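Below are the chains, spelled out letter by letter.
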Amino acid sequence: MASCRWPWRRCCSWRPAARSPGPGSPGRTGPPGPPAAADGGVQMSYFNLVKSLTSAFSNRYSMSRFHHTTSAACCCSKTRSGEKYIDPFKLGWRDLKDLYEDIRKELVISTTELKEMSEYYFDGKGKAFRPIIVVLMARACNIHHNNSRDVQADQRSIALIAEMIHTASLVHDDVIDDASSRRGKHTVNKIWGEKKAVLAGDLILSAASIALARIGNTTVVSILTQVIEDLVRGEFLQLGSKENENERFAHYLEKTFKKTASLIANSCKAVSVLGCPDPAVHEIAYQYGKNVGIAFQLIDDVLDFTSCSDRMGKPTSADLKLGLATGPVLFACQQFPEMNAMIMRRFSLPGDVDRAQQYVLQSDGVQQTTYLAQRYCHEAVREISKLRPSPERDALIQLSEIVLTRDK
Amino acid sequence: MSLRRLLLRLPRYLGVSGSPRRLWWSPFLDTISSVGSWRGQSSRSPAHWNQVVSEAEKIVGYPTSFMSLRCLLSDELSNIAMQVRKLVGTQHPLLTTARGLVHESRHNLQLRGLVVLLISKAAGPSSMNASCQNYDMVSGIYSCQRSLAEITELIHTALLVHRGIVNLSELQSSDGPLKDMQFGNKIAILSGDFLLANACNGLALLQNTKVVELLASALMDLVQGVYHENSTSAKENHITEDIGISTWKEQTFLSHGALLAKSCQAAMELAKHDADVQDMAFQYGKHMAMSHKINSDLQPFIKEKTSDSITFNLNSAPVVLHQEFLGRDLWIKQIREAQEKGRLDYAKVGEALWLVLGVVAWESNTRSFFRYGWMIHQGKALEGLMWVVKCCSPEVTCIVRNSWTRTCPLAPPSL
Numbered sequence: 001m002a003s004c005r006w007p008w009r010r011c012c013s014w015r016p017a018a019r020s021p022g023p024g025s026p027g028r029t030g031p032p033g034p035p036a037a038a039d040g041g042v043q044m045s046y047f048n049l050v051k052s053l054t055s056a057f058s059n060r061y062s063m064s065r066f067h068h069t070t071s072a073a074c075c076c077s078k079t080r081s082g083e084k085y086i087d088p089f090k091l092g093w094r095d096l097k098d099l100y101e102d103i104r105k106e107l108v109i110s111t112t113e114l115k116e117m118s119e120y121y122f123d124g125k126g127k128a129f130r131p132i133i134v135v136l137m138a139r140a141c142n143i144h145h146n147n148s149r150d151v152q153a154d155q156r157s158i159a160l161i162a163e164m165i166h167t168a169s170l171v172h173d174d175v176i177d178d179a180s181s182r183r184g185k186h187t188v189n190k191i192w193g194e195k196k197a198v199l200a201g202d203l204i205l206s207a208a209s210i211a212l213a214r215i216g217n218t219t220v221v222s223i224l225t226q227v228i229e230d231l232v233r234g235e236f237l238q239l240g241s242k243e244n245e246n247e248r249f250a251h252y253l254e255k256t257f258k259k260t261a262s263l264i265a266n267s268c269k270a271v272s273v274l275g276c277p278d279p280a281v282h283e284i285a286y287q288y289g290k291n292v293g294i295a296f297q298l299i300d301d302v303l304d305f306t307s308c309s310d311r312m313g314k315p316t317s318a319d320l321k322l323g324l325a326t327g328p329v330l331f332a333c334q335q336f337p338e339m340n341a342m343i344m345r346r347f348s349l350p351g352d353v354d355r356a357q358q359y360v361l362q363s364d365g366v367q368q369t370t371y372l373a374q375r376y377c378h379e380a381v382r383e384i385s386k387l388r389p390s391p392e393r394d395a396l397i398q399l400s401e402i403v404l405t406r407d408k
Numbered sequence: 001m002s003l004r005r006l007l008l009r010l011p012r013y014l015g016v017s018g019s020p021r022r023l024w025w026s027p028f029l030d031t032i033s034s035v036g037s038w039r040g041q042s043s044r045s046p047a048h049w050n051q052v053v054s055e056a057e058k059i060v061g062y063p064t065s066f067m068s069l070r071c072l073l074s075d076e077l078s079n080i081a082m083q084v085r086k087l088v089g090t091q092h093p094l095l096t097t098a099r100g101l102v103h104e105s106r107h108n109l110q111l112r113g114l115v116v117l118l119i120s121k122a123a124g125p126s127s128m129n130a131s132c133q134n135y136d137m138v139s140g141i142y143s144c145q146r147s148l149a150e151i152t153e154l155i156h157t158a159l160l161v162h163r164g165i166v167n168l169s170e171l172q173s174s175d176g177p178l179k180d181m182q183f184g185n186k187i188a189i190l191s192g193d194f195l196l197a198n199a200c201n202g203l204a205l206l207q208n209t210k211v212v213e214l215l216a217s218a219l220m221d222l223v224q225g226v227y228h229e230n231s232t233s234a235k236e237n238h239i240t241e242d243i244g245i246s247t248w249k250e251q252t253f254l255s256h257g258a259l260l261a262k263s264c265q266a267a268m269e270l271a272k273h274d275a276d277v278q279d280m281a282f283q284y285g286k287h288m289a290m291s292h293k294i295n296s297d298l299q300p301f302i303k304e305k306t307s308d309s310i311t312f313n314l315n316s317a318p319v320v321l322h323q324e325f326l327g328r329d330l331w332i333k334q335i336r337e338a339q340e341k342g343r344l345d346y347a348k349v350g351e352a353l354w355l356v357l358g359v360v361a362w363e364s365n366t367r368s369f370f371r372y373g374w375m376i377h378q379g380k381a382l383e384g385l386m387w388v389v390k391c392c393s394p395e396v397t398c399i400v401r402n403s404w405t406r407t408c409p410l411a412p413p414s415l
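In order, the protein sequences belong to chains A and B.
Under UniProt numbering, the first residue of the first sequence is numbered 1, with each subsequent residue one higher.
Under UniProt numbering, the first residue of the second sequence is numbered 1, with each subsequent residue one higher.
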């Protein structure tokens, strides 16, 4: 591969100007509507999501035109003008010292091997992207609510739990996909075998559930239980594929929401519930997490085409090899309809993966997906800007940009 | 005291149906307290067991075989069913698990859920909970307790499914194509996760974080128990780990006792019973499950010696006891002697097992093992039974005593 990274991704020059999203634009997640009650909120926003996903598809053409003609300016930079630069990771880590140590403390396991397996990914080498968002959101909500400068112990627990649920799903996903490396090391299933790996995943999930229950808040339990259900349903969505192109895109975005964004959205919501009684704030937290989460995954799917495996710590083109058509492929398919057949047979014929990759790189699928991610980030920024200003709120704004420019 | 009074209503309720109380309760109670120990005895055939379960189901007013119906109706499960069909003809163990589940549900064997319902009914509403007494209660069981019974079954089934994952690197050519096995693993993980997600969802709906914690910790125990079981049964060289009966008890608690114990406790928590009652329910569930396990471990030894194809788990209770009795060195020697070309002659080990215990006659074999098995838990099992006794009327007490004598040849506890 000639270069590890696409140079254009680093500079922002091609980005569209800040513009409030139109009624059907992808970033917009449906009308804010009446603030949903804590219980109904999840379902409600799910509906909105599907609605917005479908509209995302119908707007595709106008979108691509739009992105070729618009001039420079980062949609995110406006909101943080005048603020000093904040490194969200540095700021977040202040509350997350001993994150992994504390997670390991939750894994009370007597058997050495089982403990070793369960702790394998809690080695401090992960990005801890989710815990960072969660603690920043917690502080942003606390300040918004009563100018409190503290983060509650329960809110910090949510950060741990989010990371644990995420890791448990990684362990199971790797068995399902028969993956052999992650974060630059062998996967649990490759070292210990599938039989034990599945148990390790279950164990981490149970430890997370215990920690969750100990918070002692039934609303929070319900919110995070939704994540577990979404993760499984997302995995099921990934099993099937849709013949209809329209449905295919909606299907892809729904899967993206369930597999990635739901965890971020709902853990953000959980800390907001703990920190502030106002349902409007819960909705802001949820919407921020959802939009950033979807953008995060869209970029992940882009990186699967543009990055090389050394950087990612996992093999690239992995999705194609698994037969999955992600954003870049679906966009590319617009330009190269011959890809349809490949998508339908899940890239199962010899040479399919390579050809699909070529098509994607020739098309503007990567740019289109990145653009879509940008729209989601824009929406996330719009949501979080409704909170009272604080260093943490601005760090969350900053973070949404990091999501777009990350290269691993 | 008022708990006791409330529970006294139970037999009266049974009387309303007009059937003789003994007929209702007697088979039910002895089966519950010694499940599976009756196979091979004509009067206690599987048909009899089914009858007992269906009687018990009448008591709780709920066919347990439909327990997971709600989740069976979902799209995901029909998706799974479609995928599992693709596995037919392969060697993946998920098929066996699925077959077992279908078979089990046809024979109404959702034992864990049933016990949770029974103990809920036995305990009745709490005296502290007088304000919302009989609120959404059907047949003396709260709807949340019914959900809990369902969740217990879901967790049990999920682990059963996850247990059937195969290690891809250890496959042999006789296992069929790698692709089939990969696919089988995928479906097994997904369906297990799906059941767990349903369980989590159901738990969240109970709106009681203590119950969530109890069941989550039961899941943790269960996973560790399954891990132990997998790692001991995977050993090919037939040399068992040097575990004594106390370690055996710990591990069996994790793999078999914890879920039922904690579910029983959670059922009491849902009815707002105090810590004492909760603890008794925990003990009951625990010893109930342990007795069940001991009894099933005894089966290979109790069966008619018709064939020489007797096999048994070398980590089962009688073997572990035997090893402890014999001493580690002698036991290993015995195993070695029984090994021929890498295969273990189970009949030989079984034979040695009997000899060492100095029991010759078949009947007394059975009895001595029974005694042994029961002695392990005598103290605690008593506690559990005592509690049932405490909760029930004099008539039921009498039946408990009878069932105790039948199950255990030792003198019945003084009730």
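The reader is advised that the hints may include incorrect statements.
Unchecked claim - Here are the simulated SDA-like pairs of lysine to any residue, each with C-alpha atoms no more than 20 Å apart in a straight line: (1) Lys190/A / Phe183/B; (2) Lys190/A / Val138/B; (3) Lys179/B / Arg345/A; (4) Lys186/B / Ile191/A; (5) Lys210/B / His251/A; (6) Lys179/B / Leu107/A; (7) Lys115/A / Lys190/A; (8) Lys249/B / Gly327/B.
No lab work stands behind these hints: they were computed from the structure.
Keep in mind that this is a model prediction, so the values were computed, not measured.
Going through the hints against the structure:
Between Lys190/A and Phe183/B the alpha-carbon distance is near 17 Å, which keeps this suggested pair within the 20 Å criterion. Of the pairs offered as hints, the one joining Lys190/A and Val138/B is violated, with about 50 Å between alpha carbons and a cut-off of 20 Å exceeded. At roughly 16 Å between alpha-carbon atoms, Lys179/B and Arg345/A fall within 20 Å of each other, so this suggested pair holds. Among the hinted pairs, Lys186/B with Ile191/A is consistent with the structure: their alpha-carbon atoms are about 18 Å apart, no more than 20 Å.
Among the hinted pairs, Lys210/B with His251/A is inconsistent with the structure: their alpha-carbon atoms are about 37 Å apart, more than 20 Å. For the proposed pair Lys179/B and Leu107/A, the alpha carbon gap of about 34 Å is over 20 Å, so the pair is violated. Taken as a hint, the Lys115/A and Lys190/A pair is honoured in the structure, with Cα atoms around 17 Å apart against an allowance of 20 Å. A C-alpha spacing of about 18 Å is found between Lys249/B and Gly327/B, which places the hinted pair at or below 20 Å, so the restraint holds.
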